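A.B. asks: Each chain is listed here by its residues.
Number of protein chains: 2
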Amino acid sequence: MIKRFDELKKDVVSNFRGGKGELEMTHFLEVEKDEFKGKGRLYCKNVLKPGASIGFHEHVGDFETYVVLSGEGVVNDNGEEKPVRPGDVIITKNGEKHSLENTGTVDLEVMALILFD
Amino acid sequence: MIKRFDELKKDVVSNFRGGKGELEMTHFLEVEKDEFKGKGRLYCKNVLKPGASIGFHEHVGDFETYVVLSGEGVVNDNGEEKPVRPGDVIITKNGEKHSLENTGTVDLEVMALILFD
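Same order as they appear, the protein sequences are chains A and B. Here the working numbering is used: the first residue of the first sequence is 7, the next is one more, and so on. Here the working numbering is used: the first residue of the second sequence is 7, the next is one more, and so on.
Treat the hints with caution; some may be incorrect.
Where chains are identical, the list cannot tell them apart; a pair therefore holds if satisfied intra-copy or between any two copies.
Said to hold, decoys possible - Only pairs whose alpha carbons sit at most 27 Å apart, straight line, appear in this in silico DSS-like list of lysine-lysine:
| no. | residue 1 | residue 2 |
| --- | --- | --- |
| 1 | Lys45 | Lys9 |
| 2 | Lys43 | Lys26 |
| 3 | Lys55 | Lys26 |
| 4 | Lys103 | Lys26 |
| 5 | Lys55 | Lys45 |
| 6 | Lys39 | Lys15 |
| 7 | Lys99 | Lys45 |
| 8 | Lys88 | Lys15 |
| 9 | Lys39 | Lys16 |
| 10 | Lys26 | Lys45 |
| 11 | Lys26 | Lys9 |
| 12 | Lys9 | Lys103 |
| 13 | Lys88 | Lys9 |
| 14 | Lys55 | Lys88 |
Derived from the structure by calculation, the hints contain no laboratory data. In this text, all values refer to a predicted model and were calculated from it rather than measured experimentally.
Please model the entire structure based on the sequences and the hints provided.
C.D. replies: Structure, rendered in structure tokens:
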């Protein structure tokens, strides 16, 4: 089955998890359509404009993987701030916390995958 | 935990699944490190150079999601050939078959995710 880009579910969320600005999400798989087969709950591209962020939050019962596609940012990786750039992978395990902020001058694009633990 | 791009596991496979040329894989999560927590077995970026392909094959007991990042190609989607381009999502369910060929002039880059059904 092919889902064309313009058919994908898209969300724009303000102040996600207490962050700044807007988060644009483009969903590749949808829980509502049973496309995860019970293995997870989110697989999407996240776009943060310069200055926007996802606030610091904990993962409970699941874990998230970010893959940075483009742009520059800073991750709070379970209490420690670290710069990230394209190609970097951030894994936030069950019980850990993270945040992500676009500290650059262009869009920060990140693939986000949340699977259950 | 952050894995920097140059720390990621990379494979180059010739004639993958009977396809043409080489497939370059950059792995974001590794089964060997229990990073899927039993939910899947592959999460990587696949790169096919012009003319290279992944051969037609069946998924049994799992399902695969391709997200096209860049380039142009043709997918055989369970028996039907369809052109794909950046932003398209190809879902191959448990029991279905697919192939992927780079029919363009630049690298075809695709995120690949295999979860268990």
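A.B. asks: For lysine 99 vs lysine 45, is the C-alpha pair at or below 27 Å within one copy, between two copies, both, or neither?
C.D. replies: both (15 Å within a copy, 14 Å between copies)
A.B. asks: From the Cα coordinates, with 27 Å as the cut-off, is the pair lysine 39 and lysine 15 best called within, between, both, or neither?
C.D. replies: The answer is within: 12 Å in one copy meets 27 Å, while 32 Å across copies does not.
A.B. asks: Tell me, please, which holds for lysine 103 and lysine 26 at an alpha-carbon limit of 27 Å: within, between, both or neither?
C.D. replies: within (17 Å within a copy, 43 Å between copies)
A.B. asks: How would you classify lysine 43 and lysine 26 at a CA-CA limit of 27 Å: within, between, both, or neither?
C.D. replies: neither (33 Å within a copy, 32 Å between copies)
A.B. asks: Taking 27 Å as the upper bound on the Cα-Cα distance, should lysine 88 and lysine 15 be classified as within, between, both, or neither?
C.D. replies: Result: close only across copies, 21 Å inter versus 31 Å intra.
A.B. asks: Give the relationship of lysine 26 and lysine 45 under a CA distance limit of 27 Å: within one copy only, between copies only, both, or neither.
C.D. replies: Result: close neither inside a copy nor across copies, 30 Å intra and 32 Å inter.
A.B. asks: With 27 Å as the alpha-carbon cut-off, assign the pair lysine 45 and lysine 9 to within, between, both or neither.
C.D. replies: both (20 Å within a copy, 23 Å between copies)
A.B. asks: What label fits lysine 88 with lysine 9 when the C-alpha limit is 27 Å: within, between, both, or neither?
C.D. replies: between (35 Å within a copy, 12 Å between copies)
A.B. asks: Up to 27 Å between alpha-carbons, please classify lysine 39 paired with lysine 16: within, between, both or neither.
C.D. replies: within (15 Å within a copy, 33 Å between copies)
A.B. asks: Which holds for lysine 55 with lysine 26 at a C-alpha limit of 27 Å: within a copy, between copies, both or neither?
C.D. replies: within (10 Å within a copy, 39 Å between copies)
A.B. asks: When Cα atoms must be at most 27 Å apart, do lysine 26 and lysine 9 count as within-copy, between-copy, both, or neither?
C.D. replies: Answer is between; shortest inter-copy Cα gap is 26 Å, intra-copy 31 Å.
A.B. asks: Give the relationship of lysine 55 and lysine 45 under a CA distance limit of 27 Å: within one copy only, between copies only, both, or neither.
C.D. replies: neither (30 Å within a copy, 32 Å between copies)
The structure fails to meet hints 2, 5 and 10 from the earlier list, while all remaining hints are met.
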